[in-house]
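K.L.:
Single-letter residue listing:
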Amino acid sequence: MVPGSGLSSDRRIGLPSKPRIIPPGTLYRGHEGMWSWVAHRITGVGIFFFLLVHVLDTALVRVSPEAYNEVIGTYKNPVVGLMEVGLVGAILFHAFNGIRLILVDFWAKGPRHQRKLMIAVGIIWVVLFVPFVIRHLSHVFGG
Amino acid sequence: MSDIAAPRSSTRSRSLKGGGRNRSGQTNFELYSWLFMRLSGLALVVLVLGHLFTNLMLGGGITALDFGFVAGKWANPLWQVWDLLMLWLAMLHGSNGMRTIINDYAEKDQTRFWLKALLITAAIVIVVLGTLVIFTFDPCLDPSSTLSVCK
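Residue numbers (my numbering), protein chains in the order written: chain A, 532 to 674; chain B, 11 to 161.
Source of the hints: derived by calculation from the structure; they are not laboratory data.
Don't be surprised by glycine CBs; every beta carbon is placed ideally from N, CA and C.
Hints should not be assumed to be uniformly reliable.
[Claimed, not checked] Just some of the chain A residues that point at chain B, by a computed CB distance under 10 angstroms:
| id | residue |
| --- | --- |
| 1 | H562 |
| 2 | E563 |
| 3 | W566 |
| 4 | S567 |
| 5 | F579 |
| 6 | L582 |
| 7 | L591 |
| 8 | I630 |
| 9 | F637 |
| 10 | H644 |
| 11 | M649 |
| 12 | I650 |
| 13 | V652 |
| 14 | W656 |
[As the list claims (entries may be wrong)] Here are the in silico distance ranges between beta carbons for each label pair:
| id | chain 1 | residue 1 | chain 2 | residue 2 | range |
| --- | --- | --- | --- | --- | --- |
| 15 | A | E597 | B | S34 | 56 to 62 angstroms |
| 16 | A | L668 | B | L49 | 42 to 48 angstroms |
| 17 | B | M67 | A | A570 | 36 to 42 angstroms |
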């Protein structure tokens, strides 16, 4: 067993396969566990602010059909279309990294398989993101 | 750095005696918040990915989104409930995440207080507004609506 394995979540994530320089007193800092935690925070904050804007733009359906259609029209703009690709990429990462966190926390074997779980998040992300990008960009740029 | 939370041991988290306070005199709020993030997160994976799939992948995707699209969707109670649940869970999940981030990075008590006040205000406004929009939506606001309820 790994030292410090009484801790849950990402604390044990990121054991190097080859000897690397590990900052003193941690098995965590500088490895995948830390970076996935950083990415989870950044995507979470980004999604949160989009959500605030998205509720406000949807609220325009109470103002008038014209007001709603005009504002929702900006979402069809190519530049905004590319930002939507980023948004969906962030949502997909946040969703499946979140499931990985749940498995590491609640599934007895989760911590042992943490590296495989992280690879699974990457695979699922690519499998869902690539078809989305193709379809969405064909809508945005297809006229 | 002011206070670092002690690890949640099972004895601490299970005790609900003494007005919801445990032996060390703290409430279990952080435990429930931690659990809520995981439960709401699971529900949101289904709700949000379903929302993205129907709105961006099916049919014309983003090009098909307009007032009529929303009217058609909310004519179905399933999508009303779907969107209502998504709104509430996403706002609670997102606000709770932002609260954690404020606690982590804002070091002054005053800064924390004002950031959280702003966060709570924004969250309440968005949740109340979104809920009202779903429940008071009028598809016949559009004179060219082809929905049967408007004829």
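K.L.:
Does each hint fit the structure? Answer for all of them.
P.N.:
Evaluated hints:
1. Using the Cβ-Cβ criterion of 10 angstroms, the hint placing H562 of chain A at the interface with chain B is not satisfied: the shortest such distance is roughly 20 angstroms.
2. A distance limit of 10 angstroms between C-beta atoms decides the matter here; for E563 of chain A the minimum to chain B is near 20 angstroms, and the interface restraint is violated.
3. At a threshold of 10 angstroms, the smallest CB-CB gap from W566 of chain A to chain B is about 17 angstroms, leaving the interface hint violated.
4. A hinted interface residue such as S567 of chain A counts as satisfied when its beta carbon comes closer than 10 angstroms to some beta carbon of chain B; here the least separation is about 15 angstroms, so the hint is violated.
5. Annotation: interface hint on F579 of chain A holds; nearest CB of chain B at approximately 4 angstroms, less than 10 angstroms.
6. About 6 angstroms separates the beta-carbon of L582 of chain A from the nearest beta-carbon of chain B, less than 10 angstroms, and the hint is met.
7. Contact between L591 of chain A and chain B, as hinted, is supported at the beta carbon level, the nearest pair being about 9 angstroms apart and thus within 10 angstroms.
8. At a threshold of 10 angstroms, the smallest CB-CB gap from I630 of chain A to chain B is about 7 angstroms, leaving the interface hint in force.
9. A cut of 10 angstroms between beta carbons decides the hint on F637 of chain A: the least distance to chain B is about 8 angstroms, and the hint holds.
10. This hint is violated: H644 of chain A has a C-beta 18 angstroms from the nearest C-beta of chain B, more than the 10 angstroms allowed.
11. Residue-level restraint check for M649 of chain A is violated (minimum Cβ-Cβ distance to chain B is 17 angstroms; threshold 10 angstroms).
12. Proximity of I650 of chain A to chain B is violated relative to the hint, the smallest CB-CB distance being about 19 angstroms (cut-off 10 angstroms).
13. At about 12 angstroms, the closest approach between the beta carbon of V652 of chain A and any beta carbon in chain B exceeds 10 angstroms, and the interface hint on this residue is violated.
14. The beta carbon of W656 of chain A is not positioned within 10 angstroms of any beta carbon in chain B (closest approach about 12 angstroms), and the interface hint is therefore violated.
15. For the pair E597 of chain A and S34 of chain B, the supplied restraint of 56 to 62 angstroms holds, since their beta-carbon distance comes to about 58 angstroms.
16. A hinted range of 42 to 48 angstroms is violated for the C-beta pair L668 of chain A and L49 of chain B, which are about 34 angstroms apart.
17. Between M67 of chain B and A570 of chain A the Cβ separation comes to about 24 angstroms, which falls outside the hinted range of 36 to 42 angstroms.
Violated hints for the displayed structure, listed by number in ascending order: 1, 2, 3, 4, 10, 11, 12, 13, 14, 16 and 17.
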